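S.K.: Sequence:
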Amino acid sequence: MLSITVACLLFSPALSPGLEQLTVKGTQIVNPAGETVPLRGVNFGGWLMLETWISGIEREWDDRLREMADETGVRPELDAAFKALGKWDDDTEPILDHIGRLHQALRDNAKDKPGPLAAYFALYDAEPPIFAAHDFDRVLRDRFGDGGAQQVWDLYHDTWLTERDFQLAAALGFTFVRLPFWYRWFEDDDRPGEYRDYGFKYLDRAVEWAAKHRLYLMPDFHGAPGGQSPWDHTGELSRNEFFTCDACLRRTAALWEAIAARYRDNPAVFAYDTLNEPFSAKDLDDWVRVQDTLYRAIRRGDPDGIVVMEDGYKLESMPWMMTGFFPKPEEHGWENVVYSFHFYSGSGHEKRAAQVARIARREQDRCGAPLYAGEFSTMSGTPEGLDGMRVYCSLFNREGWMWSPWTFKYVDGEGKGAMWGVYRHDGPWRTPNIHRDSLEDILAAIRRMDTANFTLHPGYGNVLRECLTQPWAPPPGQNARKP
Numbered sequence: 034m035l036s037i038t039v040a041c042l043l044f045s046p047a048l049s050p051g052l053e054q055l056t057v058k059g060t061q062i063v064n065p066a067g068e069t070v071p072l073r074g075v076n077f078g079g080w081l082m083l084e085t086w087i088s089g090i091e092r093e094w095d096d097r098l099r100e101m102a103d104e105t106g107v108r109p110e111l112d113a114a115f116k117a118l119g120k121w122d123d124d125t126e127p128i129l130d131h132i133g134r135l136h137q138a139l140r141d142n143a144k145d146k147p148g149p150l151a152a153y154f155a156l157y158d159a160e161p162p163i164f165a166a167h168d169f170d171r172v173l174r175d176r177f178g179d180g181g182a183q184q185v186w187d188l189y190h191d192t193w194l195t196e197r198d199f200q201l202a203a204a205l206g207f208t209f210v211r212l213p214f215w216y217r218w219f220e221d222d223d224r225p226g227e228y229r230d231y232g233f234k235y236l237d238r239a240v241e242w243a244a245k246h247r248l249y250l251m252p253d254f255h256g257a258p259g260g261q262s263p264w265d266h267t268g269e270l271s272r273n274e275f276f277t278c279d280a281c282l283r284r285t286a287a288l289w290e291a292i293a294a295r296y297r298d299n300p301a302v303f304a305y306d307t308l309n310e311p312f313s314a315k316d317l318d319d320w321v322r323v324q325d326t327l328y329r330a331i332r333r334g335d336p337d338g339i340v341v342m343e344d345g346y347k348l349e350s351m352p353w354m355m356t357g358f359f360p361k362p363e364e365h366g367w368e369n370v371v372y373s374f375h376f377y378s379g380s381g382h383e384k385r386a387a388q389v390a391r392i393a394r395r396e397q398d399r400c401g402a403p404l405y406a407g408e409f410s411t412m413s414g415t416p417e418g419l420d421g422m423r424v425y426c427s428l429f430n431r432e433g434w435m436w437s438p439w440t441f442k443y444v445d446g447e448g449k450g451a452m453w454g455v456y457r458h459d460g461p462w463r464t465p466n467i468h469r470d471s472l473e474d475i476l477a478a479i480r481r482m483d484t485a486n487f488t489l490h491p492g493y494g495n496v497l498r499e500c501l502t503q504p505w506a507p508p509p510g511q512n513a514r515k516p
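Using the numbering used here, you'd call the opening residue of the sequence shown number 34 and step up by one each time.
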């Protein structure tokens, strides 16, 4: 186990050659000479916070259901249910609720096939889609024991991202990496506050690799105890207890203090993203309560690092879309703070960019703090999708807003043409069945996840190269607000 005292002795500025301490000055981030630093980064998703759909370790939920329907003889009826319900919208309906409605439609469609229908639901109960890291871990431990599960996790963490990925990101022109992490790699639920070496081992590697390739690093608390939203990328689908759990907040704050103390003297770790998408804060007061606790915990560990606070999609909701959400940092005694927002855009990118610009400019003017587009994507490699990414990145460059698209790597094993990753595997991909495959077969699938088996998305790569070399923000005294 690691104490905070030991942790903060392990790193020093000598490990970050060429990287300077960054700080907030007005609405920009500057180096010690007061010069604005262009911060154009990328998310390293799916590594220390597993999202099963990103890495091809599990099929997407709808494809898994179709596979079960094929096996049990109710595929036509399931297809009809999908058609009747239409596309699922994760902004308006929890996924398990949607699957519940889908299954009710399936029952109606297949009522004259009681045997196959019963077989389908028996299979679903025994081998449901694996959405979140917690469920993935539970299935591994049930099947292979703690030792087998650890083999899988070790190989996964040693394969999905390596030093080579940091090198590739730097070669493209990115200047920082946002690194999502899950609390479970640092502490166990039955021993809260006793920190394990495991998570720090990989976080240390990331800091070392980033510094070696002259990239800044932003640790991002993606999955907090209890879950700060109902979504699977917290590590537990639909748990959503963080904002009503005092112990969860205390644990998150304590871990942040330990992490900040560990890297306080290393300029490579330039910022701490307090909580990914804190969607379930019920209002501004609830949000401030949590953010203030996490801010002060980080400050106990690192008095000087930048603290990033996300709105949790509040700026896409009324009334905050119209009136503003973020508070002025000085009202709460916060210093060196950046405000972050996320968005995903499937179409109408010019119109969406204008909306994003209007809201973000207003927030920056209201609060006097830098703005950061922490996650965004058009999700499509079509000409429209590529043009959209160019529009968004160019906007952020003109305004001098930090940006980092989601995400660096993605397995498009189903051949759907989605553009989630800068690097992608778009050829045939055998997704393992975690419920059935042998340990050896699962490990073999993970070995294929090495970036050597991925290629730069050609169109996306060209857009990023263009945007990563554009001028950054307006000269002093000028305004970037047109067009």
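One should not assume that every hint holds.
Said to hold, decoys possible - Cβ pair distances, simulated, as ranges:
# : residue 1 : residue 2 : range
1 : A477      : L129      : 51 to 59 angstroms
2 : D96       : Q183      : 38 to 46 angstroms
3 : Q183      : P352      : 21 to 29 angstroms
4 : P352      : D474      : 34 to 42 angstroms
5 : D221      : D103      : 45 to 53 angstroms
6 : Q503      : A113      : 44 to 52 angstroms
What the hints assert, rightly or not - Only pairs whose alpha carbons sit at most 20 angstroms apart, straight line, appear in this in silico DMTMM-like list of lysine to aspartate or glutamate:
#  : residue 1 : residue 2
7  : K315      : E126
8  : K120      : E160
9  : K234      : E290
10 : K384      : E368
11 : K315      : D123
12 : K146      : D158
13 : K361      : D398
14 : K234      : E274
15 : K116      : E126
16 : K315      : D279
17 : K315      : D325
18 : K361      : D318
19 : K116      : D130
20 : K58       : D470
21 : K315      : E368
22 : K58       : D279
23 : K144      : D103
24 : K58       : D398
25 : K144      : D191
26 : K120      : D96
27 : K315      : D124
28 : K384      : E363
29 : K146      : D191
30 : K315      : E274
31 : K245      : E53
32 : K361      : E383
33 : K384      : E364
34 : K234      : D279
35 : K234      : E160
36 : K361      : D420
37 : K361      : E417
38 : K245      : E196
39 : K146      : D187
40 : K384      : D337
None of these hints come from the bench; they were simulated from the model.
The structure displayed is predicted, hence computed values, not measured ones.
Glycine included, C-beta positions come from ideal geometry on N, C-alpha and C.
S.K.: Please go over all the hints and tell whether each is borne out by the structure.
M.R.: Each hint, compared with the structure:
1. A477 to L129: 51 to 59 angstroms: violated, 31 angstroms
2. D96 to Q183: 38 to 46 angstroms: Given about 28 angstroms between the Cβ atoms, the range is violated.
3. Q183 to P352: 21 to 29 angstroms: violated, 48 angstroms
4. P352 to D474: 34 to 42 angstroms: Cβ of P352 to Cβ of D474: about 52 angstroms, so the range 34 to 42 angstroms is violated.
5. D221 to D103: 45 to 53 angstroms: violated, 39 angstroms
6. Q503 to A113: 44 to 52 angstroms: Holds, since Q503 and A113 (Cβ atoms, about 49 angstroms apart) stay within the stated range.
7. K315 to E126: holds, 18 angstroms
8. K120 to E160: Not satisfied, since the Cα-Cα distance of roughly 23 angstroms exceeds 20 angstroms.
9. K234 to E290: Answer holds: K234 to E290 is near 17 angstroms, not above 20 angstroms.
10. K384 to E368: violated, 34 angstroms
11. K315 to D123: The hint holds at about 19 angstroms.
12. K146 to D158: Cα-Cα ~18 angstroms, so holds.
13. K361 to D398: Holds: K361 and D398 sit about 10 angstroms apart, inside 20 angstroms.
14. K234 to E274: Violated, at roughly 28 angstroms.
15. K116 to E126: Given pair K116, E126 holds - Cα atoms ~17 angstroms apart, limit 20 angstroms.
16. K315 to D279: Measuring from Cα to Cα gives roughly 15 angstroms; hence the hint holds.
17. K315 to D325: OK: K315 and D325 at ~16 angstroms, within 20 angstroms.
18. K361 to D318: holds, 13 angstroms
19. K116 to D130: holds, 17 angstroms
20. K58 to D470: violated, 54 angstroms
21. K315 to E368: violated, 25 angstroms
22. K58 to D279: Distance of about 34 angstroms is beyond 20 angstroms: violated.
23. K144 to D103: Since the Cα atoms of K144 and D103 sit roughly 17 angstroms apart, the hinted pair holds (cutoff 20 angstroms).
24. K58 to D398: It holds: about 14 angstroms lies between the C-alpha atoms, which stays within 20 angstroms.
25. K144 to D191: violated, 48 angstroms
26. K120 to D96: holds, 14 angstroms
27. K315 to D124: holds, 16 angstroms
28. K384 to E363: Outside the cut-off at roughly 33 angstroms; violated.
29. K146 to D191: Outside the cut-off at roughly 47 angstroms; violated.
30. K315 to E274: Within the cut-off at roughly 12 angstroms; holds.
31. K245 to E53: Cα-Cα ~13 angstroms, so holds.
32. K361 to E383: violated, 29 angstroms
33. K384 to E364: violated, 33 angstroms
34. K234 to D279: violated, 28 angstroms
35. K234 to E160: Since the Cα atoms of K234 and E160 sit roughly 33 angstroms apart, the hinted pair is violated (cutoff 20 angstroms).
36. K361 to D420: violated, 34 angstroms
37. K361 to E417: violated, 37 angstroms
38. K245 to E196: holds, 9 angstroms
39. K146 to D187: Roughly 44 angstroms separates the two Cα atoms, so the pair is violated.
40. K384 to D337: violated, 38 angstroms
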